[in-house]
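Colleague: Let the sequences and hints guide you as you build the complete structure.
Chains as they are written, first to last, in our numbering: chain X, 1 to 219; chain Y, 1001 to 1474.
Possibly wrong hints are sitting among the right ones.
[Said to hold, decoys possible] Where chain Y lies over chain X, by a calculated footprint (3+ residues, C-beta under 8 Å):
{"hint": "1", "segment": "104 to 117"}
{"hint": "2", "segment": "189 to 196"}
[As the list claims (entries may be wrong)] Computed list of chain Y residues with no C-beta within reach of chain X, every gap over 12 Å:
{"hint": "3", "residue": "P1019"}
{"hint": "4", "residue": "A1187"}
{"hint": "5", "residue": "R1386"}
{"hint": "6", "residue": "K1397"}
If you are wondering where the hints come from, they were derived from the structure by calculation, not from laboratory data. Values in this document were obtained by computation on a predicted structure and should not be read as measured data. For every residue, glycine included, the Cβ atom is placed at its ideal position computed from N, Cα and C.
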Amino acid sequence: MSDARSSILASLRASRDAHPVETVASDFTVLREKRWGPAERLERVKRMMEAVHTEFVDATEQDWPAVVQAFLKDAGAKTVLYAPATEAGARLESSWADGGPELVRYDRPVDEFKEEMFTGIDAGITQTLGAIADTGSLVLWPSADEPRLLSLVPHIHIALLKADALYDTFWQVMTENRWAEGMPTNALLISGPSKTADIEQTLAYGVHGPKRLIVVVIR
Amino acid sequence: MAHAEIDFGKASRAALQDPQLRANFRRAMDGLMSKRAAQFADSAEWHSMRALGASVRLRALSKLPELLEKLEENCTRNGITVHWASTTDEANAIVLEIMLRVNAKLAVKGKSMVSEEMHLNAFLEKHGIEAIEADLGEYIIQLDHEMPSHIIMPAIHKNTKQIAQLFRDKIKEAEYTEDVDQLTGLARRVLRKKFMNADVGISGVNAAVAETGTLCLVENEGNGRMVTTVPPVHIAVMGLEKVVEKLEDVPPVLSLLTRSATAQPITTYVNMITSPRKDGEKDGPREIHLVILDNGRSKIYADEELRHTLRCIRCGACMNHCPVYTRVGGHAYQAPYPGPIGKILVPQMEGLDKRGAMPHACTMCNACVEICPVQIPIAGLMNRLREEAVHPGPAVKDAGAQASKAEALVWKGWAATFSSPTAYRMATTVLSAVGNAAPASLPLLKEWTSVRAKPRFAGRTLHDLARDRGIPDV
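Modeller: Now the structure itself:
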C-alpha cells in the first residue's frame, strides 16, 4: 500500500503549498493559570473523584499495607493481584498479615494466567505518579514491574496516592516531567471506576473495568 | 445501510412521525446541552480554551503532510507498524490481511467512527471473522443490526424498555429486566469472555501525537483499554486529520472534547499508547498496527475553505445543539456521521450526487457554530456546499449534481424581476390582483403548501401604501 502513502502525501503537500493554512499562535496561558494551593488540590481531587463514585481511604507511610488489607477484607475480596517487583509490592509482601485475602503475584506474562485473572481475581493494587486537581484524575505509568491490566481487570482497583504528589493540570504533569522526551508503552489517566451512560443516559458503574476504585491517600 | 436507497427527506418524514423516537432525542439532547453549558460556565475560560483548541488543530493542518510523516517515523521507531489507505476498501483489505496472517477468528472493537465509515464489521463477517462491538452503546445497536444514531452515544435513540427487550431477545442467558445495573452487568459478563478470547483488538484514535508517536484514546467504560491491552494484536484505525504536532497539544484537545461531548471534565480513562509490549513487560499486545485512512480527506484538504471541516475533533456537540438533528434523530441521515458535522463531511466524502440533500437540512440557526470547540464555521461550509451542489466544479465530488433547469430558470426570472423596476411593478400588480386565486396544488407551490399554509398576497403593495402616506418613491 506504499502507493497510497505516496499519493496521499503528494496530494496533501501540493494542496498545502498552493494554499497554506493560516495559523494563530497556541497560547497555553489558560492552562498555565489553572492553579490551586496544596491543600485545595487534594480537596478538589477528592471532591471531583467522589462525584464519580471513587472512594477515598486515609493512611500513613507506616500503616498503609494494613489499611489496604483491612479494607479488602471488609470488601469481601478473596484474591488480590499485586506487583511484587515494585516498592509498594515489597511492602505489601513483607507486611501482609495472615488471615486476610490471598496475595497473588503478577510476575509472569498475562498469557500464562489470563483465565485466572479474568475469573478468579477480586482486586488489584497499583501505585500512581500522582493526581491532577483540574480534572480529578490519577496518573499511572504501568511498567514491566507494574503491568497494565492490574488497574483494569480486577473488580476492585486500589490505587496508592502520595498526598504530596499533586498537580494542577494534565498539561502541567506532562510538561514539567518532560513526557515528550520519552513516553512509556502506556500512560494512563484514571478518574473513577469504569462507567457507562449508554442505556438511556442512566449512569451505571462497573461496565467493563473495575466496579470500585479506592484511592489510598498516604501521608 | 451502504446499499440501501438513500433518501434523507423520506427518512426524516418517517422519523418525525415517531413520537417515541422524538421524545428519546429531545430528552437526551436537552440534558446534554444544559450539562455542557455548566462545564463551560466560565466564559473567559471557554473563549481561551476554544481559541487554543482551534490553534492546535489549525497548526496541525498547516503541517499535515510533515506531521503524518513524523508520526509514521516515530510510530515505526516505537514498534508500531503504519499502513496507509486511500479508500475504505484498501483499509478493510489491510485489516483483513493482518487478521488472516494471525489466523484471527474473533475481534473485539472499541468505539471507532472510522470503522463505521469502513463498514468494517460487515466486511469482516463476510470473511468469516466475528467482530464484536465492546462499547455498550455500540454493542446494543450491533445486537439490533443498526447504525449509530449519534457519534458519541450510538444507542441514544433507544430507551431502557427497548434495550431490555432487545437483550432478552438476543442474549441467551438474559432475563427481562429494566434495571440498568443488571443490564450493564449482563453485558459485562458476555463481553469479558470476548475480551479474554479475542485474537485482535480494534480501536479508533482520538489524537495521534507526531512528536512521540503516541495514540490517545478517551473512554469511560474500560472497553477501549481492554481491546488495546488484552488481545495479542491491536489494530488502530484513524482518519488522516487526527494527528497533532506535540504531546502538549493533547490536554487542550481532550479537555474540549470530553467537556463538549458528555460534559465530563475528563473521561474515566485517558489511554496513551506508544508501543507494543516490550521485552520483560507482562501484558499488552505484541503487535500494534496503525491504519491511516484518507477516504476523501485529502480532497477536502485541497480546498482552502472546505478544509476547515478537518479541524473536527468528533465531540458531537453540534448534533446535540442542532434543531434538525434533535427532531429527526441520527438514523434519518443514513450516514456514519449525522448532524451538522455530518452534513458538511459526508457530502464531501461520498459526493453531492448521493448526499446533496444533507447540506439543505439546516436552518442556519448557527447554534453549532457557537458551540463548536474548535470554531469550525459549519453554517458557512453548509452554504458553500449548497452552492457546490448546483454549480459543476472541481472542489467537491459530484459538484453540480443537484442542478435543476427549472430552478435555474426560476432564479433567472427572479433576478430579472428584481433588477428592473418596471418588471417588478408589473409582477406585484399582477400577483396582488390574481395571486390569491392560484391553487395550492400548483406544481412548484405544492412543495411548500404540502406542510405549510399558502402565503396570502396583500391587496395593495407596500409601495402603494407608502405613497398614500405621502412618502415619495426614491
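Colleague: Would you mind marking each hint as holding or not holding in the structure?
Modeller: Hints, verified against the model:
With 8 residues having a beta carbon nearer than 8 Å to a beta carbon of chain Y, the segment 104 to 117 of chain X meets the requirement of three or more and the stated coverage holds. Remark: the segment 189 to 196 of chain X is confirmed as covered by chain Y, as 8 of its residues place a Cβ nearer than 8 Å to a Cβ of that chain, reaching the required three. Every CB of chain X lies more than 12 Å from the CB of Y:P1019, the least distance being 16 Å, so the non-interface label holds. With a least CB separation of 7 Å from chain X, Y:A1187 falls inside the 12 Å interface cut-off, contrary to its annotation.
Distance check for Y:R1386 against chain X: the nearest CB is about 22 Å away, which clears 12 Å, and the non-interface claim stands. Remark: the non-interface label on Y:K1397 is consistent with the geometry, its nearest Cβ contact in chain X lying 14 Å away (cut-off 12 Å).
Going through the hint list in order, the structure does not satisfy hint 4, though it satisfies all others.
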